[in-house]
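**Q** Take a look at the letters that make up each chain.
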Amino acid sequence: MDTVMYEQTNEQDNRITLEDLRPRPEKKKTFSEHFMPRLHPGILFDPRKCTGCGTCEMVCSSRNISRVAPASASIQVIRDENRIKNFAILCQHCRAPLCVEACPTRAIEKGEDGIVRINKLFCVSCGLCTMACPEAAPLQDPTTGEINKCDMCEGDPQCVKYCPSGALTLTGGKRFRWIKGLRWSVQTLSFLLMAVILIGTFCSLKAGALSFSCPTGVLQNIASSGTVVLVWVFSTFILLGLTLLAGRFFCGWICPFGFFLDLVDKITPKKVGLPSFLKSRMAKYGILAGAVGGSCAFGSQVFCPICPIGSICRSYGTTGTLNGANMGIVAALAGLEVTERRVWCRYFCPVGAVLALCAKVGLIKIVIGANQCKKFSCIQCAEVCPMGIIDADKLREGVSPDIPMTECITCMRCIDRCPYGAAKIRFRWQKTVPGNIEL
Amino acid sequence: MKLFDNFYNMKVGIVDLATSSSETVSLNKEMAAGKTGGSAINENLFKKYEEDAPLVIGVGPLTGSFAPASCLAVATFSSPRFGENLCHIPLMMHTGPGMKFSGIDFLVIRGIASSPTLLNIERGRVRILSAEDLVGVDIPESVRLLKREMTHCRSILLPGPAAENGVHCASLSTGLSGSLDKGGLALSMASKNLKGIIFCGTGGLAFNEGNRDYNETIEKRLFPGKEHKNEGFLSMLDVIGIENDLRNIVKKATWHNMACYHCPSPCMSSVGFKWRDPGNNSRVEDTLFLSDHLGFLALAKKGGADAFPLSKSCHRFGLDPAAVADTLPERGSLAESLDTVEKISTAREKTEIDGTPVSIGDVPAETHALFGGGIPPIAPGELWEERVRLSMILGICPIFLLRFPQISQRDLLQFLTGNEADLQLLEQEIDSIAEK
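Residue numbers (the numbering used here), protein chains in the order written: chain A, 139 to 577; chain B, 1263 to 1698.
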């Protein structure tokens, strides 16, 4: 029995696999790609402009199979006379294409130029790519059964060129993301101001009649001293007022520890999973309650000495020395970034918890309108969200996801990244744009 | 016909509904000599099978090609509404390309089927199917059923329940969008017990590769700006002549411009509108596809904003909105009007709608009736006739050619050939067809 098993194993070892014939290219992200991600080309479809004339299908088939055969084109316009808009199925050349993973013969590859191509020599027309693609963009030719997929006409898409109504546009991604530039500038300045120039200013600052305090620190003060000092309460108004107006703007744009985590995230691979019992967004409220309760019990602020925001503000001493204990706290919590982005902010930060309660009744909200989203295979908004609150599955289903403002840090990465302008800031009372995509 | 090898499948489908048989034959010289295409060949085929009271549907050589607005198929038959005279109805949207890419260029439907029948054309073959399920079913439901059953269907022609009931003012529907049929094509189909025709359109044709750039040159001449004009149904109403007050009323709806196959200048629209349903007294958000300019205008003149639900109701039963508008009271209540439309759809008698062709603008009644009575009179009489005839022969949308008289006959013929001798020959052919 043992011998037979040995033989079988040996046979398996000697077998030539697909991996030997067509090995998958290694997914390596270069250092520069962390900071300047490669731009991905794509064709944007605007249903408001599309008249359903089918010129795109016509020129596409003409270029690909040298015949005008709209049914064999790599783009299909769905004309629904029941609704006042058309819809186009076309390859989005996704950043992480599911069709590539699904293809059993590895006939589909994503090129260095970002274009996803199908190699017809290897394609067996099984249709698994069509099933895997959320857009169903690899289209099966009704006459030959072959799979037709957009190759973007090697950079000069004919559908875009000939579309009479301008409903199709070629994009290489947004070249200049002004929100990103502004956010990084504000974050850098805030970090320098709080951690280097005016050390420790986050915890408490008094400049003339104006005073500023951390709301969590004030809560602990009140709990530990048993007295409510109105000046302390008023000093939290700047931050709470900002949160009421702009959500957790502080977390996304100003917090020095958040900025530090963003920097760490750029160079940290996400290789380790966070244990599921730690993944509770309610944990931060527990920590806040614990901090207040502990302060009450011990008569002093129990969380402030280990607060990472305070620690990072106090790490750089006035004499130019670095504070080892504070830096240790910061480094330890930053180490959590190997699991997810902004883990501390997502699950544990009690300052964030206070701001979240405030943001719940704030003036603004972020909406992602699935109707404007148009292409639900893109999900770039979900990819860039540091708080992981955009439900990619809902977008894939064509449903507008609910964005909890208690968790949103108003970093506006989704708005900046969305190529369709579907992610927007709205006032709380404004009717949400989104409807669901209906096919 | 060698000239047209790249432009035609060179196939004619012949269906005998009486015997439930179909065959596909080659488009030969006898059928096509000196006729170029479209309505001219249709007429030849009609005469050939005249004894069987045929219904002929055909495309032009440019249908489905790179020529602008190459959407047209033409149905030729003896009109039950216009005194059994020969009538050519333009079938737009994607009907022409759908038919051509289904592998046949002309379809001759002879005889009367013994039971409700549906024709499905795919890859050069005509399949005769039972259509028992479509009996008495309104148009939206029929479209839904057919789209569910047929994997590929590029274009659907449906006569609708009104034609089934023998209503004199029935009108054919291409999908859900109605049509310019005011000559009784729906009645003609219904009289053959034909419940619908489906063009699968899964094939293709090579055409002339160089035409893509030639088309771009033509379009640049028409629209020098970067983006093409995108005017839609409402702008067509302006051209026909809608009163300002009425325009302001109908403009309030949400308009989305829609175009037929490869048309750079849309003249149709899908419309989102709200109305109060008198049945259950609730406010309803609804949509409607508008393609019949004269029909909608007639309804709007009678009912203002009520024209939207009334048009929807006409589309549902397959009724000609212009004829229906004649029977409606001036500014009557919506409930009454909807009730009237429903009653008309089941009324076998001719009611007050006699269907006699009328002259519109300065287009004579006979000429207007010859081309189905639905093409808006947006050009002077003689020019109108010349342009419409040209469109029917070549397979280009007549409304497009009427709107852009700067596209000459020669411009269009150059899509077929660049050879001067051939061009002259074609021009002679078209002139002789017009003379006859």
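A portion of the hints provided could be inaccurate.
[Claimed, not checked] Here are the computed lysine-lysine pairs in the DSSO-like style, where the Cα-Cα straight-line distance is at most 27 Å:
{"hint": "1", "chain 1": "B", "residue 1": "Lys1482", "chain 2": "B", "residue 2": "Lys1514"}
{"hint": "2", "chain 1": "A", "residue 1": "Lys562", "chain 2": "A", "residue 2": "Lys404"}
{"hint": "3", "chain 1": "A", "residue 1": "Lys187", "chain 2": "B", "residue 2": "Lys1409"}
{"hint": "4", "chain 1": "A", "residue 1": "Lys187", "chain 2": "B", "residue 2": "Lys1513"}
{"hint": "5", "chain 1": "A", "residue 1": "Lys187", "chain 2": "B", "residue 2": "Lys1482"}
{"hint": "6", "chain 1": "B", "residue 1": "Lys1513", "chain 2": "B", "residue 2": "Lys1563"}
{"hint": "7", "chain 1": "A", "residue 1": "Lys187", "chain 2": "B", "residue 2": "Lys1291"}
{"hint": "8", "chain 1": "B", "residue 1": "Lys1291", "chain 2": "B", "residue 2": "Lys1273"}
{"hint": "9", "chain 1": "A", "residue 1": "Lys187", "chain 2": "B", "residue 2": "Lys1273"}
{"hint": "10", "chain 1": "B", "residue 1": "Lys1536", "chain 2": "A", "residue 2": "Lys299"}
It should be emphasised that the hints constitute simulated quantities derived from the structure, not laboratory data.
**Q** Run every hint past the structure and note whether it holds.
**A** Hint check results:
Distance hint between B/Lys1482 and B/Lys1514 is unfulfilled; the C-alpha atoms sit about 32 Å from each other, more than 27 Å. For the proposed pair A/Lys562 and A/Lys404, the alpha carbon gap of about 25 Å is at most 27 Å, so the pair holds. Our distance criterion of 27 Å between C-alpha atoms is met by A/Lys187 and B/Lys1409, whose separation comes to about 25 Å. For the hint pairing A/Lys187 with B/Lys1513, the CA-to-CA distance comes to about 18 Å; that is within 27 Å, so the pair holds.
Taking the CA atoms of A/Lys187 and B/Lys1482, the gap is near 19 Å; set against the 27 Å cutoff, the hint holds. For the hint linking B/Lys1513 to B/Lys1563, the alpha-carbon distance of about 14 Å falls within 27 Å, and the restraint holds. About 44 Å separates the Cα atoms of A/Lys187 and B/Lys1291, which puts this hinted pair outside 27 Å; it is violated. The straight-line distance between the Cα atoms of B/Lys1291 and B/Lys1273 is roughly 12 Å, inside the 27 Å bound, and the hint therefore holds.
Note on A/Lys187 and B/Lys1273: the hinted pairing is violated, with a Cα-Cα distance of about 37 Å set against a maximum of 27 Å. Proximity of B/Lys1536 to A/Lys299 is assessed by CA-CA distance (about 37 Å); at most 27 Å being required, the pair is judged violated.
The structure fails to meet hints 1, 7, 9 and 10 from the earlier list, while all remaining hints are met.
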